[in-house]
Amino acid sequence: MYAFDLVKPKSLAEAIEALQADEAQPLGGGQTLIPTLKQRLAMPGSLVSLAGIAELVGISASGGVLSVKGATTHGAVAAQTDFPGLAGLAGKIGDPAVRHRGTMGGSIANNDPAACYPSAALACGATIVVAGKDGTREIAADDYFQGLFTTALEEGEIVTEIRYPIPQASNYQKFEQPASRFPLVGVFVAKFADKVGVAVTGAGENGVFHWEEAEAALASNFSPEAVEGLTVSADGLMGDIHATPEYRAHLIKVMTKRAVAACA
Amino acid sequence: MPTISMTVNGKSVSGEAEGRTLLVSFLREELGLTGTHVGCDTSQCGACIVHVDGQSVKACTMFAAEAEGAQVTTIEGMANPDGSLGVIQQAFQDNHGLQCGFCTPGMVMTAADLLKNNPNPSEKEVREYLEGNLCRCTGYHNIVKSILAAAATMRGEQVAAE
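For the record, the sequence lines run as chains R and D. Numbering-wise, full-length UniProt numbering puts 140 at position 140 of the first sequence, and it's gapless, one number per residue. Numbering-wise, full-length UniProt numbering puts 85 at position 85 of the second sequence, and it's gapless, one number per residue.
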């Protein structure tokens, strides 16, 4: 690792102040950033640690919305009971020790094309709350995720909260790449009274996306059979040594059917 | 270099750490606690697992300064006060839960974290909890057996030795 200063602010305001410095970068749980630093793929002048800021940690549910503060760990999300589909997703990220450090805000800010949380945020139509020197902004998930490792976050902004409308039923299914345990394909299905969200991670060349045909089909008939007749195009899907675009397209349908079946 | 302080295995300690100093480097090189191992240094293997404020973490993927003021427990803290093996350590010995022993500190720390929250885990739950701990010798069977035996001992049940 290159040398850097580690800054430990006590409040959100102090953190945003520290992030205005040249080459400053926020540090969530570090479960992605620290391995990146070890490979010398990042060279921040300073890292601003968010993990110790009490006002950035916590989960609350009210009015049918689950609010998760940015520095809340995957382990804490897995333990909440107000949104079981999200708990199930969080409880299968990485391994127990990783879940004790890694944070939802860090994952949402990084927007790895194979991260799990973005699929839940997109399927549910979550609101991403970000804060910077000019105040806070609320961004719809559809506008927030913009491509590989690319989001609506501006320099010096951090994710402070993610608000998920809680679905009537939901489930996340992932087919893991066996070495990294990241999803080759992950699908989050969220059933609401008036609509169904289906979002796919691990597969798209531009990161997480809606499978709109499945959303429409499931809205009128919420059953695995509703998806059976649909086909997923391999156009725009990732291909690598682990899986071809065609295989990923196949997995999207299989994972969607499993997730719908698990919602019952 | 800044000086940082924390409580390790019940003792207040302090030492020097750069911003980039990893917790595992601080424990091993600054405090001389070499029971915590560095296996992969890429957060895969779990040989470096310690407890920070009661939760298992990979000490190769956390900065020492982030543990400032925290309660840290390492494998050295798992022995009984008289130096004899703790329950989980003894179970690993009794059940041949280690061969080369390199992964064992992390296995024991993960087992302790599991058993604190789930005193009566199923074999499946033990295997799932070990997802972030790699062993290249045992094939995991005896590690799982060791943890189940330790759980039974901690619950006060008699376990027939094999």
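Some hints could be false.
[Said to hold, decoys possible] Computed list of lysine-lysine pairs in DSSO-like fashion (alpha-carbon distance at most 30 Å, straight line):
| id | chain 1 | residue 1 | chain 2 | residue 2 |
| --- | --- | --- | --- | --- |
| 1 | R | Lys253 | D | Lys145 |
| 2 | D | Lys145 | D | Lys124 |
| 3 | D | Lys11 | R | Lys10 |
| 4 | R | Lys10 | R | Lys195 |
| 5 | R | Lys38 | R | Lys8 |
| 6 | R | Lys10 | R | Lys38 |
| 7 | D | Lys145 | D | Lys116 |
| 8 | D | Lys11 | R | Lys8 |
| 9 | R | Lys133 | R | Lys195 |
[To be verified] Which bits of chain R does chain D cover? Going by a derived footprint, with three or more residues having C-beta under 8 Å, they are:
| id | region |
| --- | --- |
| 10 | 106-117 |
| 11 | 152-162 |
| 12 | 168-176 |
| 13 | 213-225 |
[Stated by the list, open to error] FRET-style restraints, in silico, Cβ to Cβ:
| id | chain 1 | residue 1 | chain 2 | residue 2 | range |
| --- | --- | --- | --- | --- | --- |
| 14 | D | Ser5 | R | Gly58 | 25 to 31 Å |
| 15 | D | Met1 | R | Ala21 | 48 to 54 Å |
| 16 | R | Ala54 | D | Gly156 | 35 to 41 Å |
| 17 | D | Gly139 | R | Gly236 | 38 to 44 Å |
| 18 | R | Pro84 | D | Glu157 | 30 to 36 Å |
| 19 | D | Gly101 | R | Pro84 | 48 to 54 Å |
| 20 | R | Pro165 | D | Ser5 | 42 to 48 Å |
| 21 | D | Ser5 | R | Pro84 | 38 to 44 Å |
| 22 | D | Ser5 | R | Asp142 | 44 to 50 Å |
| 23 | D | Ser12 | R | Ala21 | 28 to 34 Å |
The hints are simulated quantities; they were obtained by calculation from the structure and are not laboratory data. C-beta atoms are modelled at their ideal positions from N, C-alpha and C, and glycine is treated no differently.
Verification of the supplied hints:
1. R/Lys253 to D/Lys145: 39 Å, violated
2. D/Lys145 to D/Lys124: 11 Å, holds
3. D/Lys11 to R/Lys10: 25 Å, holds
4. R/Lys10 to R/Lys195: 41 Å, violated
5. R/Lys38 to R/Lys8: It holds: about 20 Å lies between the C-alpha atoms, which stays within 30 Å.
6. R/Lys10 to R/Lys38: With Cα atoms ~26 Å apart, R/Lys10 and R/Lys38 stay inside 30 Å; holds.
7. D/Lys145 to D/Lys116: Answer holds: D/Lys145 to D/Lys116 is near 17 Å, not above 30 Å.
8. D/Lys11 to R/Lys8: Roughly 24 Å between the alpha carbons, so the hint for D/Lys11 and R/Lys8 holds.
9. R/Lys133 to R/Lys195: 36 Å, violated
10. 106-117: violated (count 0)
11. 152-162: It is violated, with 0 qualifying residues against the three required.
12. 168-176: violated (count 0)
13. 213-225: Check failed, 0 qualifying residues.
14. D/Ser5 to R/Gly58: 25 to 31 Å: Since D/Ser5 and R/Gly58 have Cβ atoms about 27 Å apart, the given range 25 to 31 Å holds.
15. D/Met1 to R/Ala21: 48 to 54 Å: Violated: the Cβ-Cβ distance is about 20 Å, outside 48 to 54 Å.
16. R/Ala54 to D/Gly156: 35 to 41 Å: Since R/Ala54 and D/Gly156 have Cβ atoms about 38 Å apart, the given range 35 to 41 Å holds.
17. D/Gly139 to R/Gly236: 38 to 44 Å: 42 Å, holds
18. R/Pro84 to D/Glu157: 30 to 36 Å: 33 Å, holds
19. D/Gly101 to R/Pro84: 48 to 54 Å: 40 Å, violated
20. R/Pro165 to D/Ser5: 42 to 48 Å: 44 Å, holds
21. D/Ser5 to R/Pro84: 38 to 44 Å: Distance hint for D/Ser5, R/Pro84 holds at roughly 41 Å.
22. D/Ser5 to R/Asp142: 44 to 50 Å: Holds, at about 47 Å.
23. D/Ser12 to R/Ala21: 28 to 34 Å: 32 Å, holds
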